[in-house]
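S.K.: Chain by chain, the residues:
Protein chains: 2
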Amino acid sequence: MKPSEIRELLKYASMPDFISFGGGMPNPLSFPMNELREIVDEVIDVNGKYALQYGNTGGLPDLKTEISKMVLKTEKIKTEEKNIIVTSGSQQGLYGLGKIFLNHSDSLIVESPTYVGAISAFNANAGKMIPIEMDSEGIIVEKVEEKIKSLKANSNLPRFIYVIPNYQNPTGHTLSLERRKHLMELSETYQIPLVEDNPYGELCYSGEKIPSLKSMDKSGENVTYLGTFSKVMCPGLRIGYTIAPEAVVSKLNLLKQALDLSSSTFSQYVAYEYLKKGVIYKQVPKTVELYRKKRNIMLKALEDYFPKNSTWSKPDGGMFIWATLDKKINTSEMLKTSIENGVGYVSGLAFSPDGSHTSSMRLNFTFSEDEEIVRGISKLSNTIKNVSVRATPA
Amino acid sequence: MKPSEIRELLKYASMPDFISFGGGMPNPLSFPMNELREIVDEVIDVNGKYALQYGNTGGLPDLKTEISKMVLKTEKIKTEEKNIIVTSGSQQGLYGLGKIFLNHSDSLIVESPTYVGAISAFNANAGKMIPIEMDSEGIIVEKVEEKIKSLKANSNLPRFIYVIPNYQNPTGHTLSLERRKHLMELSETYQIPLVEDNPYGELCYSGEKIPSLKSMDKSGENVTYLGTFSKVMCPGLRIGYTIAPEAVVSKLNLLKQALDLSSSTFSQYVAYEYLKKGVIYKQVPKTVELYRKKRNIMLKALEDYFPKNSTWSKPDGGMFIWATLDKKINTSEMLKTSIENGVGYVSGLAFSPDGSHTSSMRLNFTFSEDEEIVRGISKLSNTIKNVSVRATPA
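Protein sequence lines correspond, in order, to chains Y and P.
Counting from 1, one number per residue, gives the positions in the first sequence under full-length UniProt numbering.
Counting from 1, one number per residue, gives the positions in the second sequence under full-length UniProt numbering.
Isolated chain Y, as found in the complex:
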């Protein structure tokens, strides 16, 4: 798009009645505003001279201790301080892993579609992504195995496998227990590290919670785990963490000195108090209630309004529904019309490592108000139907 076209579209998107299913934003109602207000005051009053100062590159030791307690409780992950690095959002962990694992045109295996920020991070480090198909049980691990075998035959194993097992971004799919076990076996057999990105694990609205890959990693040497406070506290403080073998943590530490010296000490103190006081365990259930309702509303609206020849995921958690339209429709081309009609989404192509998914779209259900979700899906359906008529030859 030309800059002039983008400016034109931004005009629509900033209208007061514009409905955005586009961003991956938590709802501000999920932010523990009063508790954070108390915590920031206490941080300045009690620890101001440390919280406003430079901190350790790898993170505040007390925060790492609290993170290790939290992941034991929530994900049954046994870890300790030396295996944790605090990052500026989990995005920095992704970039860092790309940087330390990949040399020019090394390959890695990814889900297709996958998180757009991971695509950025791996592209920035010139990694060659090998996309593997997904279905409603997540990445098809049989196809991962086939691919690894054919790559091994050429002595060209991928440097790692990147997955978002819970309520994946963008599809909302969850990797089944069976497949998780299979993936762990592949990792152990072929000595290929797994990178497990789990931003949404706590946002579980239905179904059983399936153990994380990291909790199955007996040696602790096979899985690198990425976590974040963005979905269980708020994104604006930019605090994430990576749990990894010591050798990986040590390389990430060295790189982080070059990247930003350290993450915000102040934000780290806030995250520390948020965990230590247990505010997180009161806040997350409220967020889950809020989002479960929104998910249900969007699923119902899709049922009510969306064209019958489209399909969509029914996620058990997270923030997104993935809808796939008639293959004649290109969602990237349709976006301009949809925005002019007052509704935003992200086109499937943005999540594609290889130019596929052109008829799909990611719909975020956490940010909009309940009533907007219904109205937005209804409007979007009309846009799709109008575009379909034009797309179908007379």
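Since the hints were derived computationally from the structure, they do not count as laboratory data.
Do not take every clue at face value.
If several chains are the same, the list does not tell them apart, and a pair holds so long as it fits within one copy or across any two.
With a straight-line cut-off of 20 Å between C-alpha atoms, the simulated DMTMM-like cross-links for lysine to aspartate or glutamate are [unchecked claim]:
| # | residue 1 | residue 2 |
| --- | --- | --- |
| 1 | K49 | E38 |
| 2 | K49 | E372 |
| 3 | K69 | D354 |
| 4 | K314 | E80 |
| 5 | K128 | E372 |
| 6 | K49 | E369 |
| 7 | K82 | E8 |
| 8 | K82 | E5 |
| 9 | K209 | D17 |
| 10 | K49 | D370 |
| 11 | K276 | E42 |
| 12 | K49 | D17 |
| 13 | K147 | E133 |
| 14 | K282 | E142 |
| 15 | K282 | E5 |
| 16 | K49 | E8 |
| 17 | K11 | D62 |
| 18 | K11 | E81 |
Assemble chain P onto chain Y, guided by the hints.
M.R.: Positioned in the frame of chain Y, the structure of chain P alone reads:
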């Protein structure tokens, strides 16, 4: 050093009477604690739903506007929003510039010695640093010109020239006006971008303030300027900024999506209010008073105690004094003894792009208490004298 040795030294360094001239840390007394307490409350109360949310990758537009007003006032730099990107500390700007300017083994010109974080950032991007000697008027620009001419003869011009013109880290030297003009001419003639890093510009204790390179950059296309809030507010919020030609800002923006999505929205709101309310203009003069006194105390202590065959810089501002000892003394080797004797510093080698400066050390005068400065320099002098005796053959 072995990990066991490092642990041993850390034990000394955490003793209550240990005196550190090592870190580059502001004094916590310079943090506007009460004002920040008020600001964070207001940010949460008034703008919580935005300040705790994801923000624009390139930074909060209102903060960029305030930054443009500030640099006009403090550095006579005329710029606008589209030429500014907010970064996670100015360190992220350094990494980003390394990443976008340098391909494998491209060269760049740096001062010798130079900032250790810049060495990390350029090394991480496989840049080949060409060190140019400094004297008390900063980098010797005649030598820069000679080097450029010889590189041009081989069609191998450096990708950029990195300088810290004011109260340089680690030397404390300030680049003279004459040399700044010459450097600008070289940049324009040979079309080599200048990267001007100015973290200490406001910390001026004596002498006249010399115009920044960016303020001399008539086209706006030759100088990329790095600034930070770490020394004029506090480092713990990790907010810096880069002012650059639009094409550079646009590349940094794209990279930042991969690096960390955006800098802390919360920290940006705090920095915005700090500027908008004008707190910065009340706080900095107090910091200058605090640090001027500490500089004077350290200079006097060096005069009183340091060995007569050593030399040191007399900085007009900033945070550091650079001392050079008898060339028989290796300051990296002496560090262990000095720490055991209760005083820390950073060895010259850490700031060297080429293994030089082995008899120099960087002394920070902003962090320690006044009385500690005297006691620390006295102790350090004894260590040097003892090591000298051992270094001199009988």
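S.K.: Of the numbered hints stated previously, which ones are contradicted by the structure, given in increasing order?
M.R.: As far as the earlier hints go, 3, 4, 5, 9, 14, 15 and 16 are violated by this structure, in ascending order.
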